[in-house]
Structures are given as structure tokens and as C-alpha cells.
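Engineer: Heads up: the protein sequence lines correspond to chains A and B, in order.
For the first sequence, our numbering begins at 1 and goes up steadily by one.
For the second sequence, our numbering begins at 1001 and goes up steadily by one.
One thing to keep in mind: the hints can contain errors.
[To be verified] Label pairs and their calculated CB-CB ranges: (1) A:Lys42 <-> B:Leu1117: 21 to 29 Å; (2) B:Gly1073 <-> A:Ala17: 25 to 33 Å; (3) A:Asn12 <-> B:Glu1097: 40 to 48 Å; (4) A:Lys79 <-> B:Arg1064: 21 to 29 Å; (5) A:Arg66 <-> B:Glu1041: 23 to 31 Å; (6) A:Arg59 <-> B:Pro1061: 36 to 44 Å; (7) B:Glu1097 <-> A:Leu80: 38 to 46 Å.
[Unchecked claim] Below are the DSS-like pairs computed for lysine-lysine, each with C-alpha atoms no more than 25 Å apart in a straight line: (8) A:Lys45 <-> B:Lys1062; (9) A:Lys2 <-> B:Lys1071; (10) A:Lys95 <-> B:Lys1044; (11) B:Lys1062 <-> A:Lys2; (12) A:Lys79 <-> A:Lys2; (13) B:Lys1062 <-> A:Lys95; (14) A:Lys42 <-> A:Lys2; (15) A:Lys45 <-> B:Lys1044; (16) A:Lys2 <-> B:Lys1027; (17) B:Lys1071 <-> A:Lys42; (18) A:Lys42 <-> B:Lys1044; (19) A:Lys45 <-> A:Lys95; (20) A:Lys95 <-> B:Lys1071; (21) B:Lys1027 <-> B:Lys1051; (22) B:Lys1027 <-> A:Lys95.
Don't read these hints as lab results, they were simulated from the structure.
Idealized CB from N, CA, C, for every residue including glycine.
Chain by chain, the residues:
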Amino acid sequence: RKEVEQDPGPFNVPEGATVAFNCTYSNSASQSFFWYRQDCRKEPKLLMSVYSSGNEDGRFTAQLNRASQYISLLIRDSKLSDSATYLCVVNAISKLIFGAGTRLAVHP
Amino acid sequence: NAGVMQNPRHLVRRRGQEARLRCSPVKGHSHVYWYRQLPEEGLKFMVYLQKENIIDESGMPKERFSAEFPKEGPSILRIQQVVRGDSAAYFCASSPEIGQSSYNEQFFGPGTRLTVL
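Turn these sequences into a full structure, and let the hints guide you.
Structural biologist: If you want it as C-alpha cells, here you go:
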């Protein structure tokens, strides 16, 4: 079983749609959690950290359920510029464990 | 405000040659991490270094690969006798000291794309 699992997609959605990504992780000792965004052939960039209480940053909402070892990302009012691969990332004793990513394509 | 810098951005080597990838962390960061991304796959942790010390090399292949982060100068990822399967994007990241703000966050460089012919 992979340490961090994500649905690879692709998710093809129209502008303005709401889309949700899910992720599960296997190491219950994981300490911190993130969503990164990676554009084609570029480096990953931090989108947001994920906290147990849930957190929101504009159109983006992240949730963490430690009991279920489940992380989610919700994107509201999708923009064309949101098209990218979204990486679920878990910090386990200083090293980051990446999921394989979920591809999102937003079309006009 | 320079971020993580990596060079070269693209590197082409023939089988059997050596590849040297360099990474300069964010100014003031003393923790460096190397990750490898194979085509169509996610990033995989390779090694975690602090100045002059290897902290965790559990993701590094046992042979042909080595990494260092000297007291002065950039971190170096060295691959000896490259093979076609080494073709990948190699990303370096750095983080600040524990206790500083954002200490959990790793800042990534633009990567070095290695192609082995």
C-alpha cells in the first residue's frame, strides 16, 4: 500500500465548478499535512497547510481527519488558472511524502 | 529575496558518465532535501542533509548516488555511472531552523532535469 494515496484523475470541470480532491495516508505518526500545486514541468509550490480544525484560504478549503487518516481539498468557483496537478503531502519526521497527484483541467 | 537555486536546469549525460547537481538553499536555511520525480510519477524523497551532516538517506539508492552539504557552498547530489533509469527531474528543497516560523515548510527549487542518453 502506498504511503499517500490520491485519485490520479484527471478531473475535467467547467469554469465556476466546485471540485473536491481526497487523499488517504497510512502512517498514523505523520505530523503535518499539506496540499502542494505542481504545474507542468515546474517545481511543487505550497498551496496550503492542513489543520485538524479545517482551514480556508479564499476559494480553497482543506480538511484533515486524523482518525480516518484522510485529507481533503475543496476548490470553489474554479478558474482556468487552477488547472494543475494537486499533490497531497504528509510530513513524516522531516521528510515529505508525496502522493502521485490529482490532475485538474478547468475548461471554459 | 532569492529562493532555492538549482543548476544546471537541464543536464544531458551519456550512460556511464557522472552527473553533478547543485543546490543553493534559501539564505539562512541550513536544512536541505533532495527529491526525485520520474516521468508521470510523484516526488520521492531521497536524502535530508544539514550542514556537513547526512541526517536521513533512506530514499537514496545504495550504489552510485551520494550527497553532501559542505560548510561552505551548495549542496551536491552526485550520480556516478548514470543509467537511462536515472533520467528524471531532481528537486532540491530547503527549510529554516526548527523554532523559526514556517519551519515545517519546505521551499522547492526549479529542479534539474537529467536526461541520460
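Engineer: Indicate, hint by hint, whether the structure satisfies it.
Structural biologist: Structure-based check of each hint:
no., hint, verdict
1, A:Lys42 <-> B:Leu1117: 21 to 29 Å, "holds, 24 Å"
2, B:Gly1073 <-> A:Ala17: 25 to 33 Å, "violated, 48 Å"
3, A:Asn12 <-> B:Glu1097: 40 to 48 Å, "holds, 43 Å"
4, A:Lys79 <-> B:Arg1064: 21 to 29 Å, "violated, 44 Å"
5, A:Arg66 <-> B:Glu1041: 23 to 31 Å, "holds, 27 Å"
6, A:Arg59 <-> B:Pro1061: 36 to 44 Å, "holds, 41 Å"
7, B:Glu1097 <-> A:Leu80: 38 to 46 Å, "holds, 39 Å"
8, A:Lys45 <-> B:Lys1062, "violated, 29 Å"
9, A:Lys2 <-> B:Lys1071, "violated, 36 Å"
10, A:Lys95 <-> B:Lys1044, "holds, 10 Å"
11, B:Lys1062 <-> A:Lys2, "holds, 21 Å"
12, A:Lys79 <-> A:Lys2, "violated, 31 Å"
13, B:Lys1062 <-> A:Lys95, "holds, 18 Å"
14, A:Lys42 <-> A:Lys2, "holds, 24 Å"
15, A:Lys45 <-> B:Lys1044, "holds, 16 Å"
16, A:Lys2 <-> B:Lys1027, "violated, 34 Å"
17, B:Lys1071 <-> A:Lys42, "violated, 29 Å"
18, A:Lys42 <-> B:Lys1044, "holds, 15 Å"
19, A:Lys45 <-> A:Lys95, "holds, 16 Å"
20, A:Lys95 <-> B:Lys1071, "holds, 22 Å"
21, B:Lys1027 <-> B:Lys1051, "holds, 13 Å"
22, B:Lys1027 <-> A:Lys95, "holds, 20 Å"
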